[in-house]
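As you go down the protein sequences, you meet chains R and Y in turn. Note that the numbering used here numbers the first sequence so that position 53 is 53, with each residue one more than the last. Note that the numbering used here numbers the second sequence so that position 297 is 297, with each residue one more than the last.
Treat the hints as calculated values from the structure; they're not laboratory data. Careful: at least some of the hints might be erroneous.
Among the chain Y residues that face chain R by a calculated CB cut under 7 Å, a handful are [unchecked claim]: (1) R77; (2) V81; (3) F95; (4) F100; (5) E103; (6) Y105; (7) L107; (8) K121; (9) E122; (10) L125.
Taking lysine to aspartate or glutamate and the DMTMM-like style, the derived pairs with C-alpha atoms no more than 25 Å apart in a straight line are [stated by the list, open to error]: (11) R:K45 with R:D108; (12) Y:K185 with Y:E32; (13) Y:K22 with Y:E211; (14) Y:K121 with Y:D167; (15) R:K365 with Y:E253; (16) Y:K78 with R:E212; (17) Y:K78 with Y:E19; (18) Y:K185 with Y:E19; (19) Y:K78 with Y:E96; (20) Y:K222 with Y:D198; (21) Y:K78 with Y:E3; (22) Y:K222 with Y:D195; (23) R:K365 with Y:D58; (24) R:K45 with R:D242; (25) R:K365 with Y:E85; (26) R:K365 with Y:D195; (27) R:K365 with Y:D167; (28) R:K45 with R:D60.
Not close to chain Y: a few residues of chain R, all C-beta gaps over 10 Å, as computed [as the list claims (entries may be wrong)]: (29) V6; (30) A30; (31) G73; (32) V80; (33) Y171; (34) L203; (35) V248; (36) F251; (37) F297; (38) S302; (39) L337.
Idealized CB from N, CA, C, for every residue including glycine.
One-letter residues, chain by chain:
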Amino acid sequence: MKILAVARKSLIELLREPMLLGMVLLTPLAFLLVYGFAYQTPHLKTYRVLAAVNAEAGSDAVDYLRTLSYPDGRPIFTIVIISDRAGVDPALRDRTAAAFLAIDQGADGMPFSYTIRGDALFADFLSASSILESRLSGYLLDISGVRLPVDVVEVPIPALGFKTRTDFSVYAPGLLVFAILLLIPQTALLLGREMRTGTMRRLRLSGISPFEFLGGIGISQLVMAVVQIVLFLAGLVLFGLDYTRALVPIFLASFLTAVSAVGAGLVVGCFVQNDSQAVNLGASVTMLQVFVSGSFFPIPASPLFHLFGHEIAWNDIFPATHAMTALQQSVTYGADLAQIGFRLAAAFVLSAACFLIGAWLFQWKVMRAGKSSLG
Amino acid sequence: MTEIVLQTTNLSKRFGAIEAVKNLSLEIRAGEIFGFLGPNGAGKTTSINMICGLMAPDSGEVLIHGKSIHLDGGITRKVGVCPQEIILWERLTCFEQLQFIGEMYGLPAATARSRAEDLLKEMALAEKRNAQARTLSGGLQRRLNLIMALVHDPEIVILDEPEAGLDPQSRVRVRQYIQSLARRKTVILTTHNMDEADRVADRIAIIDHGELLRMGTPAELKRTIGEGDVVEIRLEGEAAQRESALAAVRGIEPQAEVRLEEDLLSVRMLNAVSRVPDLMESIRRTGASAGEMRIRENTLEDVFLQLTGRRLRE
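Just chain R, same shape as in the assembly (with noise of 0.2 Å):
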């Protein structure tokens, strides 16, 4: 069958190409040590705040902040207490400090009032000035003699596998989607490869249709994007994921991302004329589709219309978007296909979209007899 022998073709080319083998396989491995190591903290953390005390009662209100810790026994805050102000903003613009403390003297009867300084950008910030004020308002009620009718009780969402949620669970799932999107440049690669050599040429005298050339290029590269899926949940086992109650959710997730990317792969391997061009277009398509897709923030995106029950918004045409919902829901929450069945039946009939457009494309703009240079 010539598109099994389009596909033996462009692997063997594959695994005699190391570089390029070591950039679809080798890339992603690095993102995920590079991000295990960083984000393996755990999630509550202990926040370094600086403090300037201009209070009687403030001393106290220190003392009670020492002494608040996590239920492991960790401290939530590491109070340092500062004469001078100057390093203030330096140390927070520098982000070695959550946040700036003041504690002044009351008005009004108050033993003393409290001033939370720090980057509203800044994710730490944002964490401990919330526990401060819920803690010191309390605290300012409490030796006032008036309780809080309400306390403030941080309960995390159960992760999957995980004995402490850490910032770097919640990173897995698009790091995922980022290393699989990585066939794009790839798979366009190959296409423009056949256009500089002239390869192309030879296999349009011989017949060969769009489909089955497409199709042979694509199981290729599914089988890359196999190996590659296998590598980086590996991966994720060593950085403590325990995914398999949710392995089936994951990888069939995984692998329509793949389906997408090989589609969207094959579609910008139409517009390319050689090496260079498909790995700039397809990087860029990449990195688009990693963006709209959430896979490194959430994007903001108003919903347009309902299906089935979901909310479907403008980013929600490209298939990259429902296989990063379903793989954060698997991967961090532990969904099962019921589950997230809706998003990976979307992912299929997009990424299928995206294969036959590809083909149309290819048919039209490559196969075809047009025009050619003089001779």
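We have chain R already, so just place chain Y on it with the hints.
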């Protein structure tokens, strides 16, 4: 009468303001080696691209065994094309290339493998069976490029400048191989090399500026420009003396065709050898002197020169 396997009727192709091929009509017979002779940019490759279905003509038709290739695209599988450029998969071995392209033409895998082995032996590439294409020398790549056109055992083989860029050893081998294909297959050969066309082709079409100028066997074509041999004399002396020598030589034999290109005096005449002393004497009398001299038969270069007023290499 020999069967016509390939026919083009009024084939035309234009690229913007340039008319690359103008009303090209050819009939190519089964088993012949048909040469397409013309300078670079004459329209040879464009014609070939239309014949093998890679390029759609603006007008005209290509028929293989009487069937239009535009109506029956599958019939182009009877054609094997060796392109002018080396087109290979850089990281596949010689054997893998041949097997793969054979399968692309629809051969069963076992047949493709067997054909690949045979062709590697025929083209003396068996030792390089497992070498990747990118590691081969230019000459070996060209040989491989040639047999890639033959894996599916096509009835018509189109070779676009097959000797371009070949070392002498590979050139001899490729030429022998093309001649060995004669009678078994119909071979269409494009070239701007007159010797190649003269030695190999049964019939030749001379093409320039996209137009068919003349078609026939090499002997027929050479006869069209007159009988006799050509004496070429390299003249030494001033330009005026060379012009005088030209006039003097014309006076010897009014029937002779005499031409002066820079310092090269060419005289085509009957019994050229016996008239050489007369020629030399007439030149000497003008004050010019003769340097290098040679006598040769008519060539296709002469035919092209007469048809276009310029040499093929210009």
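Hint by hint, here is what the structure shows:
1. At a threshold of 7 Å, the smallest CB-CB gap from R77 of chain Y to chain R is about 6 Å, leaving the interface hint in force.
2. Given the 7 Å rule on beta carbons, the hint for V81 of chain Y holds: about 6 Å separates it from the nearest Cβ of chain R.
3. A cut of 7 Å between beta carbons decides the hint on F95 of chain Y: the least distance to chain R is about 12 Å, and the hint is violated.
4. Evaluation of the F100 of chain Y hint against chain R yields a held restraint, the C-beta minimum of about 5 Å falling below 7 Å.
5. Taken as an interface hint, E103 of chain Y checks out: its beta carbon lies about 4 Å from the nearest beta carbon of chain R, inside 7 Å.
6. The interface hint given for Y105 of chain Y is met, as the beta carbon of that residue sits about 5 Å from the closest beta carbon of chain R, less than 7 Å.
7. Among the interface hints, the one on L107 of chain Y is violated; its C-beta lies about 10 Å from the nearest C-beta in chain R, farther than the 7 Å criterion.
8. A least Cβ separation of about 22 Å between K121 of chain Y and chain R goes past the 7 Å threshold, and the interface hint is therefore violated.
9. This hint is violated: E122 of chain Y has a C-beta 20 Å from the nearest C-beta of chain R, more than the 7 Å allowed.
10. For L125 of chain Y, the shortest C-beta to C-beta distance to chain R is roughly 18 Å, which exceeds 7 Å, and the interface hint is violated.
11. Taking the CA atoms of K45 of chain R and D108 of chain R, the gap is near 36 Å; set against the 25 Å cutoff, the hint is violated.
12. Using a Cα cut-off of 25 Å, the hinted pair K185 of chain Y and E32 of chain Y holds, with the two alpha carbons roughly 7 Å apart.
13. The suggested pairing of K22 of chain Y with E211 of chain Y holds, with an alpha-carbon distance near 5 Å, which does not exceed 25 Å.
14. Proposed proximity of K121 of chain Y and D167 of chain Y is supported: the alpha carbons are some 19 Å apart, at most 25 Å.
15. For the hint linking K365 of chain R to E253 of chain Y, the alpha-carbon distance of about 63 Å lies beyond 25 Å, and the restraint is violated.
16. With a C-alpha separation of about 20 Å, the suggested pair K78 of chain Y and E212 of chain R falls inside the 25 Å cut-off, and the hint holds.
17. Restraint check for K78 of chain Y and E19 of chain Y: the C-alpha separation of about 28 Å exceeds 25 Å, so the hint is violated.
18. Under the criterion of a C-alpha separation no larger than 25 Å, the hint pairing K185 of chain Y with E19 of chain Y is inconsistent with the structure, at around 31 Å.
19. As the CA atoms of K78 of chain Y and E96 of chain Y are separated by approximately 22 Å, the hinted pair is consistent with the 25 Å bound.
20. Our distance criterion of 25 Å between C-alpha atoms is met by K222 of chain Y and D198 of chain Y, whose separation comes to about 10 Å.
21. Restraint check for K78 of chain Y and E3 of chain Y: the C-alpha separation of about 15 Å stays at or below 25 Å, so the hint holds.
22. Taken as a hint, the K222 of chain Y and D195 of chain Y pair is honoured in the structure, with Cα atoms around 13 Å apart against an allowance of 25 Å.
23. Restraint check for K365 of chain R and D58 of chain Y: the C-alpha separation of about 18 Å stays at or below 25 Å, so the hint holds.
24. Distance hint between K45 of chain R and D242 of chain R is fulfilled; the C-alpha atoms sit about 22 Å from each other, no more than 25 Å.
25. Taking the CA atoms of K365 of chain R and E85 of chain Y, the gap is about 22 Å. The hint holds against a cut of 25 Å.
26. Between K365 of chain R and D195 of chain Y, the direct Cα distance comes to roughly 40 Å. Violation of the 25 Å bound is thereby established for this hinted pair.
27. At most 25 Å may separate the alpha-carbon atoms for a hinted pair to count; K365 of chain R and D167 of chain Y exceed this at roughly 37 Å.
28. Restraint check for K45 of chain R and D60 of chain R: the C-alpha separation of about 23 Å stays at or below 25 Å, so the hint holds.
29. Against chain Y, the non-interface label of V6 of chain R is violated: not every CB pair exceeds 10 Å, the least being about 8 Å.
30. With a least beta-carbon separation of about 25 Å from chain Y, A30 of chain R lies farther than 10 Å from that chain, consistent with its non-interface assignment.
31. With a closest Cβ-Cβ approach of about 59 Å to chain Y, G73 of chain R is found to remain outside the 10 Å limit, as its non-interface label requires.
32. The claim that V80 of chain R is not at the interface with chain Y holds, since no C-beta of that chain comes within 10 Å of its own (minimum 61 Å).
33. Annotated as non-interface, Y171 of chain R keeps its C-beta farther than 10 Å from every C-beta of chain Y; the closest such distance is 36 Å.
34. Distance check for L203 of chain R against chain Y: the nearest CB is about 6 Å away, which does not clear 10 Å, and the non-interface claim fails.
35. The claim that V248 of chain R is not at the interface with chain Y holds, since no C-beta of that chain comes within 10 Å of its own (minimum 35 Å).
36. Every CB of chain Y lies more than 10 Å from the CB of F251 of chain R, the least distance being 30 Å, so the non-interface label holds.
37. The claim that F297 of chain R lies off the interface holds: its Cβ sits roughly 39 Å from the closest Cβ of chain Y, which is beyond the 10 Å cut-off.
38. Separation of S302 of chain R from chain Y is adequate, the least Cβ-Cβ distance of about 48 Å exceeding the 10 Å criterion.
39. Every Cβ of chain Y is farther than 10 Å from the Cβ of L337 of chain R; the closest lies at roughly 39 Å, confirming the non-interface assignment.
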